[in-house]
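A.B. asks: One-letter residues, chain by chain:
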Amino acid sequence: MKTAIKEGLSDDVSPRTLEARAATCMVGHSALLQPVSVSFRAGHLTAIVGPNGAGKSTLLSLLSGQRQPSSGSVWMNGHNLRQCSTQTQARIRALLPQDTTVAFEYTVRDVVELGRFPHRTQPGRGEAGIVQAAMQATGVTALAGRAINTLSGGERARAQLSRVLAQIWEPGPNAETRWLLLDEPTAALDLCHQHEVLRLARRWAQDQGVGVVAVLHDLNLALRYADWAVVLQGGAVQSQGLPSDVLNTTNVNHVWNVCSQSVRDADGTAQLLVA
Amino acid sequence: MSQLQLMPNRASHRLPVTTVLALGAVLVMLSLVAASARGAFDIGIVSIARTMWALATGTLDGSPDQLIFLNIRLPRLVLGLVAGAGLGMSGALMQGMFRNPLADPGLIGVSSGAALAAGITIVMGALWFPDLPRSLGSWTLVLMAFAGGLGVTALIYVLSQSEGGTRISVMLLAGIAINALAGAGLGFLSFMATDEQLRNIQFWLLGSLGGARWSAVGLVGTIVLMAVGAGLTMARPLNAIALGEAQAHLLGVDVERVKRRAVLVTALAVGAVTACTGIIGFIGLVAPHCVRLIAGPDHRVVLPASAMLGAALVLLADSVARTVAQPAELPLGVLTAFVGVPFFLLLLRTFRGRV
Chain A
423 MKTAIKEGLS DDVSPRTLEA RAATCMVGHS ALLQPVSVSF RAGHLTAIVG
473 PNGAGKSTLL SLLSGQRQPS SGSVWMNGHN LRQCSTQTQA RIRALLPQDT
523 TVAFEYTVRD VVELGRFPHR TQPGRGEAGI VQAAMQATGV TALAGRAINT
573 LSGGERARAQ LSRVLAQIWE PGPNAETRWL LLDEPTAALD LCHQHEVLRL
623 ARRWAQDQGV GVVAVLHDLN LALRYADWAV VLQGGAVQSQ GLPSDVLNTT
673 NVNHVWNVCS QSVRDADGTA QLLVA
Chain B
3 MSQLQLMPNR ASHRLPVTTV LALGAVLVML SLVAASARGA FDIGIVSIAR
53 TMWALATGTL DGSPDQLIFL NIRLPRLVLG LVAGAGLGMS GALMQGMFRN
103 PLADPGLIGV SSGAALAAGI TIVMGALWFP DLPRSLGSWT LVLMAFAGGL
153 GVTALIYVLS QSEGGTRISV MLLAGIAINA LAGAGLGFLS FMATDEQLRN
203 IQFWLLGSLG GARWSAVGLV GTIVLMAVGA GLTMARPLNA IALGEAQAHL
253 LGVDVERVKR RAVLVTALAV GAVTACTGII GFIGLVAPHC VRLIAGPDHR
303 VVLPASAMLG AALVLLADSV ARTVAQPAEL PLGVLTAFVG VPFFLLLLRT
353 FRGRV
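Protein sequences, first through last, are from chains A and B.
Using this note's numbering, the letters of the first sequence map in sequence onto residues 423 to 697.
Using this note's numbering, the letters of the second sequence map in sequence onto residues 3 to 357.
Isolated chain B, as found in the complex (with noise of 0.2 Å):
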């Protein structure tokens, strides 16, 4: 009785669904100007409100300010906007699909896969597909990985089918195995690489918005966005899954779709992501158990706020990425992974008796 009263009441404190959003909402919006104003090249935050008028009212003047805000600057906002909600999303997705507060979206194959296709790219292209960048262009390396993560997830999917359906905990352990293949493949590629290719793979595992070009920005956010929009239908069966498999099939809910679904939004949200970003770690692991933490476990509100959190959490660790060692740019996953790491640590420590 006495542990019952020293209990604290958490749910009370949780904050309220409308509350989350719209705190959601604000940060986003603080960490894209924030974002926006720092880089390389200061532009200012009153030349950039100057620009986004000039923009709306059709009367650019293609100064330097405006151009390098307009070509270089936006879309690597949008980038980091889109890739952290992407990624954000997929790992609540992930969570409660698998019951688990450790999954991330990387469980299923589809960071790895998309790795290895790049590092296999990167390294074979020259003697495996000479002809692939005659037609494809810079897009050779974006397209490759985009369709090794699918690949590896539906081998990862394919695996864990069994009689009576998806088994969760096969999928998890086929992840597992799969994943550390891909990783001795990588380790294998990178023994057989020149020096320059290595400096590509590096640069490519730790991730970063380097790379935005409206066309691929267009793309990904495309695909992001679609896969966003399908992935919030998901939370009221999500919620019930969290009672079980087999008492949300008892509710009516039809448990093999919902897997199937989280399963394609999440290869292709964190397929398209990693393919034009590299591996951006963390984000998708710690972005749900903040906003758990915070809003409680309902879906309804985990899956926008975790977007929202991924988001403004990648525009701030790229703005600082950019500016923290000028001229030269940290990579990306570095700063997601030292933020990420304590944090992680600290939620072990807190729920280590409930993992």
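Just chain A, same shape as in the assembly (with noise of 0.2 Å):
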């Protein structure tokens, strides 16, 4: 699977990147976002962070195709995404919502079924594997049969990782690089499964090739799995490379206006200490 999808890459011409190009987003006569430009890469984990209403969320709405861009575009693969059907993206590309709740009495499994809505017309070999595998992924295997809406937030939002990790569990017929998009994945989760959803989504990158895109709140978990980092503010790029070198406290400091201290993790990871 890993050689496949190294031959795909040298085979491929069209870029491998999730590209916002001079894209704004206007709501009425507020700009949620400045023109940004911003490329993000496949085969890593990259962390959106930045201060409350700094537009993170905002700019993964256009990167999901959600929201249009008042101007400039959005490019998937090669790909401006105005000319891709919502059927094709999704084939390739989901989104971990902030919002997990889902109406009626769904079971986990129905939800995870659900993440393989977009392959129905041309299902894999393995469709009820998929599903399976998808669940013991983020280890909601046991709470299958349970109704979702009566479990906690964190199961939640684990079974709802299930189910996006189910929408793009292959690539696609023509090996088109795939896209995970996570809105805060760890808001609802504690302290060993935010680190277990982290892992998760960089062995993703790392093994499979696939674009991670992750709205983070927590600097020391964007610092100890991201691979690049974008920091937001004011609805602009205020500056993005290496987690270590943009989230310096110099920097850090500047942004959320607080006062920080670098240490390092036994490792050699840096970590933030917030007074």
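Hints listed in this document are in silico derivations from the structure and should not be mistaken for laboratory results.
Predicted model, so just to flag it, every value in this text is computed and none were measured.
Cβ coordinates follow ideal geometry from the N, Cα and C atoms, glycine included.
Be aware that one or more of the hints could be misleading.
Claimed, not checked - Each pair of labels, with its calculated beta carbon distance range: (1) Gly166/B with Ser495/A: 14 to 22 Å; (2) Leu17/B with Asp667/A: 55 to 63 Å; (3) Ala327/B with Gln554/A: 51 to 59 Å; (4) Asp612/A with Gly231/B: 45 to 53 Å; (5) Ala550/A with Leu17/B: 15 to 23 Å; (6) Gln509/A with Met194/B: 51 to 59 Å; (7) Asp256/B with Thr691/A: 41 to 49 Å; (8) Leu613/A with Ala24/B: 47 to 55 Å; (9) Leu17/B with Asp612/A: 33 to 41 Å.
Each chain sits in its own coordinate frame; assemble them with the hints.
C.D. replies: As structure tokens, then:
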């Protein structure tokens, strides 16, 4: 599987990126996003960080095609999103939402199966196996028969993560790059599951060449797991680079208006202490 | 953790799809048999079987049993079947589209629009459009009510349009507001009406299968069958919409198209049924709930099974309506409400945490 993707890489002429080109988002007369140009790479876990109201979720909604940019454009694997059907997009890109409530008494398995909805016209070899494996990946197999709305917030979030993983479980027929967008994936999770989910996301990026873009509030998680960090402030890209470079104390103190100190973990990872 | 173990595992008690649909079919058949035998004129199962055999072999002899069954009872049964199926499935469609278990087909204005138009026709018809009955005959009221239902639904649909498409929350509020307005209009008409007109309005508002004639049943049946057929194809997209409209869109569902079609299908089915029978309440609300409790929320089951259960409920309610106060006939809407309201309150108690 790995080699197949590697080969696909060398043959593929289209760029393996998810890109916003001078994209803006206006609601009424206020600009939620200034012209933003930023490119996300396949095989990387990129963290979008920034204070509240910086435009993180807005940027994610442009990348996911939920909103059309007011001006500028968004490109996925070299195609303008305006020219791709939602159906085609759904086969290679999934978004984990913040709001995970589901109407009616659907079970966890029902919800994860819905992740396979875009593939119903061209089902893969092991559809049932995919649902099972996706539930296993986020540790919700034991909850499969439970109504999702009776679960705790964290369990619900993991079930929904399982659904979005099922959605892009296999590479498309043309081995297009898949994209996994996560909107604050750790918000409802306990400490252990926060790390587990980001480890899982990074594994998907490294092993399968999936492009992962995660909005994160916890800068220490970004420092530990992200390959790249994009800092948003006031609807514009304030800085981007390696997490350890852009999330230095000077920049963090400036953007978040806090007083932080940098310390080193036992394995050398930079972490921030905020007073 | 203790709560975890106390929580019954609902899902594992769900019946499989084929079992539910088979049960539904059996229930409809039983209701048909029960409803066909009983009435102001008891025909008897054996006689009905003989009549059906005679019909199939072309050896009808025109006995009273045969005439009553074929010309009065049978169209009424078919109308009940069609009305219940249309109302039940439309209820499931609307609850799925609104993502709200308390939604009802009436919420998009189709029933109140039909009622208002019927009221206007009954009270003002002779004054405002005296020539209509000459060309339309007994169809006048039916066609006016059907047009009224579609018109008010279209108005609510247009009111809920915004930049990003159809806003469901706005549609809900606009629906409630327009329904209240239609209610006020009906109230005003009742105030203006003569005693006889008032009785007609009342009768219409309480629903009845009494007006079943083969011509009307054929027309309503065709419309409802087409609507049910179209509705059944929307099961999978409606499942995706349960995750929220945004997530459904991200799964590749054309959410706007689904909403447009759900409203159109409901307006046609419920509009046609209501125009012919008057308002039959609570079937659209109650049938999908029963199905979900038994079979789970998957619309691939809920839509067809709600149609079946709706049909069975209307047939049974109508057979009670015909027989309980003989020779008088109770209004059907009264009976469906007598069953529907306590059930609805029970649901409210059971699901109050989630409403």
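A.B. asks: What are the numbers of the hints the structure violates, in ascending order?
C.D. replies: No numbers; nothing is violated.
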